[in-house]
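Each protein sequence line maps, in turn, to chains C and H.
Residue numbering for the first sequence follows this note's numbering, starting at 1 and increasing by one per position.
Residue numbering for the second sequence follows this note's numbering, starting at 1 and increasing by one per position.
Just so you know, the hints here were simulated from the structure itself, not pulled from any lab data.
Please read these numbers as outputs of a predicted model, since none were measured by experiment.
In this text, a Cβ means the ideal position worked out from N, Cα and C, and glycines have one as well.
One or more hints might be untrue.
Unchecked claim - 30 Å max Cα-Cα, derived DSS-like pairs, lysine-lysine:
id : chain 1 : residue 1 : chain 2 : residue 2
1  : C       : LYS495    : H       : LYS34
2  : H       : LYS218    : H       : LYS180
3  : C       : LYS29     : C       : LYS120
4  : H       : LYS131    : C       : LYS495
5  : H       : LYS255    : H       : LYS103
Stated by the list, open to error - Covered stretches of chain H, going by a simulated chain C footprint (3 or more residues, C-beta under 8 Å):
id : segment
6  : 61 to 69
7  : 119 to 126
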Amino acid sequence: MRELARLKLDQDLVDTARTAAAKIVSDLKQHIDAHTTVSVERSALRLLGVDGVNRDGIPLPNVLVEQIQRRGKLGLGAAYWLGNAILASNLPVQPLAEAAGQGRLDITGLADQGEARVQKLVEELAVKALGEIASRRQERELLLRQLGEGPQPYLYVIVATGNIYEDVIQARAAVTQGADIIAVIRSTGQSLLDYVPYGPTTEGFGGTFATQENFRIMRQALDEAGSNAGRYIRLTNYCSGLCMPEIAVMGALERLDMMLNDSMYGIIFRDINMQRTFVDQYFSRLINAYAGIIINTGEDNYLTTADAVEEAHAVLASQFINEQFAFLSGMQPDQVGLGHAFEINPELEDGFLLELAQAQLVRQIFPGSPVKYMPPTKFMTGNIFRGQVQDALFNAASILTGQSIHLLGMLTEGIHTPLVMDRALSIENARYVFRTMRHLGEEISFRPGGRIETRAGQVLARAVTLLEEIAAAGLMQAIGRGVFAGIARTPSGGKGLDGVIAKEPGYYNPFPARMLAGRGSYGRG
Amino acid sequence: MGEVDLSQVRPYGDSLDDGLVQLSFTLPVPFGGKAKEAARQLSLGMGLLEPNVVHAADLGEGFSFFVVYARTPCSVDFDTLKADRAAETVMGKTEIELHYLAKFRRKPVILGACIGTDAHTVGIDAIMNMKGYNGHKGLEAYHGLAAVNLGAQVSSEEVVVRARELNADAILVSQVVTQKNIHLANLTRLAELLEAENMREKTVLVVGGPRISHRLAKELGYDAGFGPGTYAEDVATFVVQELERRNFIQWGEEKWKQ
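Build the full structure now, drawing on both the sequences and the hints.
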């Protein structure tokens with residue numbers, strides 16, 4: 001393929017930005033290394049084979065971790081206590097978890113089996129779990145080779161009926177219409193649950209609960225639809241909120257392909273405690289990295305509250321930070337789908353030029369990233385006819401600048417969750433624009449020193465200034481001052497701080513070292 | 001064009017009283033000639049005249065999509081109906097500040113929140129936040145008004161607690177997610193709580209959202225409702241007029257603290 005048109009950017013500024021972002025992230029590594037969370041520990045238990053719910057419907061990973069936490073012993077790691085209990089009780093993992101779930105057994109109250117024996121046993125279970133995830137990854141690679149995939153930008157649509165079986169029908173129709181990626185929107189409010197619901201679900205608000213069974217149902221449906229359509233269909237869900245790492249485990253085991261997974265989104269938009277989130281996001285990304293999952297970051301959200309022209313540099317700064325957090329967890333550049341959005345007020349003269357500047361800037365600065373481009377939402381009115389035009393312009397900006405993951409705009413955005421025909425009209429719109437403009441980006445160039453190039457340079461320069469300020473202050477303090485989306489959060493505020501635990505000497509979790517082993521590091525810190 | 005008869009107004013396409021309407025819908029039937037005929041007959045069943053199925057498409061999975069033009073025999077009596085809106089005429093920000101806020105002896109306190117599990121702040125932010133939306137400043141920018149935005153996913157209980165703490169004179173809640181009518185349950189709950197706490201009388205209670213109408217809001221026991229296309233001044237106009245009408249000054253600054 002020929003090169004797309006390029007902007008002339010100051011490479012020194014790009015390097016400075018990356019160095020500052022790497023410093024911001026490495027300053028937090030100490031906090032991350034020194035702490036664990038209830039959700040990280042539940043994830044370790046899930047990986048080691050704990051599943052299911054007790055009589056009251058409480059997930060067994062929660063029951064066990066609460067039991068250990070009540071005894072004040074979580075600082076040693078749930079994996080240690082599970083291993084010790086298996087050896088002491090002579091029970092396999094699941095019956096043991098069930099016994100604890102019925103209150104018949106206290107997993108911290110059994111005879112000490114010795115660290116060496118415990119670790120030997122847990123390492124075996126860990127190897128088995130990682131082997132399972134690796135085979136899901138190989139399955140994906142095989143299917144991609146066999147079936148192939150649609151061309152980029154991938155057409156990404158959402159389903160959000162609240163009922164997983166209805167979602168399947170809508171998703172299959174979307175695949176017939178041409179979709180490459182299906183995202184199942186979560187029920188509103190799930191991000192604030194400190195447990196993962198269990199089993200298939202048919203009731204949700206604004207979306208469908210993320211459960212492992214729902215993942216399995218949709219995965220199977222998309223494999224069938226993809227096989228009929230002759231291309232691999234990617235499945236996306238939300239690895240965010242208080243159960244970030246647990247959802248990563250579920251996604252890794254059920255071969256999800258993408259996860260919404262931002263290092264700061266929960267802090268800013270869901271008021272989840274930042275000490276909690278920074279630890280959770282690290283472990284969740286280790287899992288996503290290992291599972292070959294592409295993450296989608298959430299910078300588009302900044303622009304739903306802040307102005308897209310004024311705050312463009314904050315989006316870019318956050319992308320640099322998200323990139324470094326991802327590298328810290330062993331992610332490869334092609335797994336880091338950095339997010340941005342087409343959210344400039346349509347009333348602004350030359351607004352489209354500014355959109356092009358931003359899209360091209362992001363594309364060029366993160367050449368290895370499967371950049372995720374989000375459609376207009378903030379300025380979508382009930383005027384569906386104008387909405388279709390806004391979406392067409394968004395589609396044009398995407399194909400011109402070579403975006404990778406293209407979330408389709410809906411003409412009914414802001415009215416209701418997508419109806420079956422909204423999705424069809426949207427896919428038709430995007431396919432038309434992509435087809436008719438397929439190689440336009442290779443035929444044009446940006447005027448040196450022109451409006452678009454100048455704007456991109458300004459945004460980059462302001463991002464560098466912001467990143468250097470954040471690096472000097474520290475990320476937690478900077479968020480406390482409201483640098484992103486104009487929303488301020490404090491290190492001790494928000495939900496979930498009581499689930500952050502200091503690791504004690506002897507803390508044991510077999511997964512991080514194994515997940516990071518043999519992975520190249522792209523970080524600069 | 002001839003004289004419009006306001007007692008019998010019909011849709012206008014390109015000539016008076018042609019009654020032209022456009023509609024689109026999906027039927028869960030396989031695409032084909034039979035599906036098109038189904039769309040035509042469904043339109044007739046709606047009472048429409050001369051339905052013309054101008055577009056039909058296969059959506060896959062046994063779904064077919066249609067665009068239909070038709071004429072409606074219905075008309076509406078424009079003379080006697082009343083608008084479903086909170087305030088007859090909307091004032092601008094400066095007018096509200098000069099004619100109302102500057103004359104009040106104390107700053108009215110207005111509280112904003114997305115209640116229930118609703119995490120969509122775009123609506124409440126557009127009305128409350130300093131910057132506003134589309135060039136229309138938000139309530140935080142109004143002189144003489146104390147606007148507090150509690151943000152997303154606030155429980156009805158918390159709204160009541162904060163309203164008490166802050167001596168709120170008006171509460172503005174937003175509901176964007178309306179699937180399975182969750183918004184109706186949330187809104188009813190808040191109104192009932194305020195009622196139970198004896199706070200309803202001294203609170204102007206307002207709701208906004210894409211599926212909210214003034215009529216619906218009144219049915220739910222709210223003072224006003226605002227739908228799509230609402231700006232801060234629409235809400236502010238209603239709130240200041242309602243506060244004045246209810247002589248909120250006599251509520252006192254410490255109205256809940258007795």
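Verification of the hints:
no., hint, in the structure
1, C:LYS495 / H:LYS34, "56 Å, violated"
2, H:LYS218 / H:LYS180, "20 Å, holds"
3, C:LYS29 / C:LYS120, "28 Å, holds"
4, H:LYS131 / C:LYS495, "27 Å, holds"
5, H:LYS255 / H:LYS103, "20 Å, holds"
6, 61 to 69, "holds (count 3)"
7, 119 to 126, "holds (count 5)"
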